[in-house]
Amino acid sequence: MQTSPFRTVEERKVEREQKREAVLRAAVRLFNTHGFHAASLDDVAASLGVSKPTIYHYLGNKDQVLFECVTRGIEQLRDAASAAREHPGSGLDRLRSFLRHYAEITMGDFGRCVIRTSDEVLSAESADRFRELKREIDGAMRALIAEGIADGSIAPVNVKLAAFTLAGALNWPARWHRTDGGESAETVATQMVDILTGGLAPR
Numbered sequence: 001m002q003t004s005p006f007r008t009v010e011e012r013k014v015e016r017e018q019k020r021e022a023v024l025r026a027a028v029r030l031f032n033t034h035g036f037h038a039a040s041l042d043d044v045a046a047s048l049g050v051s052k053p054t055i056y057h058y059l060g061n062k063d064q065v066l067f068e069c070v071t072r073g074i075e076q077l078r079d080a081a082s083a084a085r086e087h088p089g090s091g092l093d094r095l096r097s098f099l100r101h102y103a104e105i106t107m108g109d110f111g112r113c114v115i116r117t118s119d120e121v122l123s124a125e126s127a128d129r130f131r132e133l134k135r136e137i138d139g140a141m142r143a144l145i146a147e148g149i150a151d152g153s154i155a156p157v158n159v160k161l162a163a164f165t166l167a168g169a170l171n172w173p174a175r176w177h178r179t180d181g182g183e184s185a186e187t188v189a190t191q192m193v194d195i196l197t198g199g200l201a202p203r
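Each residue of the sequence shown is one higher than the one before, starting from 1 at the first, in full-length UniProt numbering.
Honestly, the hints are just simulated from the structure, not real lab data. Treat each hint with caution, since some may be false.
[Unchecked claim] Now the in silico label distances, taken between C-beta atoms and shown as ranges:
(1) Ser118 / Glu17: 26 to 34 Å
(2) Arg85 / Gly198: 16 to 24 Å
(3) Thr165 / Glu11: 44 to 52 Å
(4) Thr165 / Asp42: 39 to 47 Å
(5) Gly182 / Ala38: 22 to 30 Å
(6) Asp42 / Gly89: 46 to 54 Å
(7) Gln18 / Ala150: 41 to 49 Å
(8) Asp79 / His34: 24 to 32 Å
(9) Ala150 / Gln64: 36 to 44 Å
(10) Glu125 / Pro156: 37 to 45 Å
(11) Ser47 / Asp151: 43 to 51 Å
Glycine residues also receive a C-beta, built at the ideal position from the N, C-alpha and C atoms.
Given these sequences and hints, build the entire structure.
Below is the structure:
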């Protein structure tokens with residue numbers, strides 16, 4: 001049977017998604033390295049050897065590209081929160097599971113972009129949605145803390161303050177951790193969570 005020289009609809013779809021993913025990853029790495037204002041879509045296009053209209057074709061304008069990057073990071077954090085709810089053990093065990101994944105994600109490309117992106121660089125509409133998504137992650141962390149307090153595995157603490165403290169500490173590796181040497185993101189995440197959650201256990 002002769003093989004058709006033409007690609008199927010499914011093959012074209014897969015190819016498009018692969019190209020879109022390549023553009024998105026090139027963009028997020030430039031945003032993380034140079035900052036949103038300093039990085040341009042021309043830089044993204046040049047890094048891939050494509051034209052600037054190609055970027056528009058796959059992702060849209062610069063604001064849309066950045067919003068896609070931070071949304072991807074938020075989705076990873078959301079998935080981590082969902083997985084933590086299914087984690088066996090106590091409330092503290094589930095919180096620790098979420099925090100380890102949270103830290104690992106924020107040391108990755110898209111999670112790092114979430115931490116490094118301020119609302120002000122996005123359009124008003126995108127900024128509002130970005131804040132809403134971040135509140136969702138904060139709410140998930142608070143819920144896990146509250147569940148640990150309820151089952152006695154976490155000492156009674158101010159849930160809001162505890163969530164801010166944990167997130168604040170775990171957001172910092174997004175600014176100083178490097179993937180080209182030193183300890184892995186997994187190792188850093190585990191060590192930090194051990195330190196941070198030591199004070200949450202009942203005495």
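Quick check: which numbered hints come out false for this structure?
-> none
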